[in-house]
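Full structure from sequences and hints, please.
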Amino acid sequence: MTTVIFIHGTGVREPHLTALLTRVEAGLAEVAPGARLTAYDWGGPFGAKLGADGASIPAAPGAGTARSVGDGDDADEWARLYDDPTAELVTVAAGGGARVTAPGAAFAWERPRALLRDIAARGEPAAEPLGAGVGEAATELAGSPLLELAAESLEPESLAWVLARALAAAVVAARLRGDDPVLTGGDERDAAVAALAVRLGAEQTGTGRGPLLRAASRPLVRMTSRYVLRRRRALTDAAHPAAGDILKYLARGAETREGLRELVATLEPPVVVLGHSLGGIISLDTLISGPLPGVELLVTVGSQGPFLYETGALPSLVHPDPLPSHVPPWLNLYDCRDLLGYAAEPVFPGRAHDVPTDSRQPFPVAHSAYWSDPAVYRAIGERLP
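Position one of the sequence shown corresponds to residue 23 (the working numbering), numbered consecutively onward.
It should be emphasised that the hints constitute simulated quantities derived from the structure, not laboratory data.
Each computed SDA-like pair below joins lysine to any residue, with the alpha-carbon atoms no more than 20 Å apart:
1) K270 - F329
2) K270 - G334
3) K270 - G76
4) K71 - A276
5) K270 - L72
6) K270 - T333
7) K270 - E280
8) K71 - I268
9) K270 - D75
10) K71 - G266
11) K71 - D201
12) K270 - A70
13) K71 - H38
14) K270 - R35
15) K270 - I79
16) K270 - L362
17) K71 - E277
18) K71 - G200
19) K270 - L336
20) K270 - A74
21) K270 - P67
22) K71 - E36
23) K270 - G73
24) K71 - L272
25) K270 - L339
26) K270 - S338
27) K270 - S311
28) K71 - L269
29) K71 - K270
30) K270 - S78
31) K270 - R283
32) K270 - A77
33) K71 - R274
34) K71 - R35
35) K71 - A273
What follows is the structure in structure tokens.
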């Protein structure tokens, strides 16, 4: 039986690690039902911690202003909605005029409000891949004054898609705030939006794409230098596990590598090492620094190892020194929208095999959406020993 060791990336700690492993295990079961998944939880014993409870972080006053966001493709528009799920509603509400309601007729917002409350009460199974929170988002949207203004400005069909996108964006935004390491891909998101739109009165055949989504490119909120200084402690508390993990590993990574060696030594071959982000760096670095008997495949996903090698920052190998012969076959996957995923083939020709993917999610969601992308599991399953 093949054993796959999953090595998580930066900032991942419990309870998020268990949720991530559950998702990866389910994905692998689809392509390799005989494989066994085990985890190397290096974050607990070797990850970064603020030893003095953040005593080194100075306090500073400040204030925030507004930022301007430029135009972009579909992923960029979703990035704006994740930043402010009501951005499209605000634009619609501000750009249209009120309708005249005939005496005795229902107001334009009454039916969409009732449909939102129905979603809040009963849920929408097709939206479950987005994660928990659709009901709460529907309740909040049903009570928003933006709903009344938007309903008076749009036809019911268009309004249904705008509301569906707002609900989806609100759920993803909440998961981003919670540092959820498993986020949906673009196809799952779009399917959930379509299901929500139908529940909100749209036609079954609608696509929901068009100029309204681009209206979300209106100015939103900017985190200026003064704002960042004012929130520096909160921002550091949120960011230091991820940034600190990288810095600590590059400075003192020997214990982390040794821990992986000890784990591999307890397993029956064949063994596959599967590393995400910094986990990919740890995997590559450990294999370069010495043979790992039993390991027959290295898989890196959304990893920076090739970039560190090219820049001279990879601890175990300096460019242009070649990859040692004892390193096993190497499969490297990177999402074309993931700014933290790098190609290995150009710097390790003949030794690494790249597979580009596209979750259709903007960055940084794309860095966590690999584990919801069937193409990732298919590529891994095709190469498992």
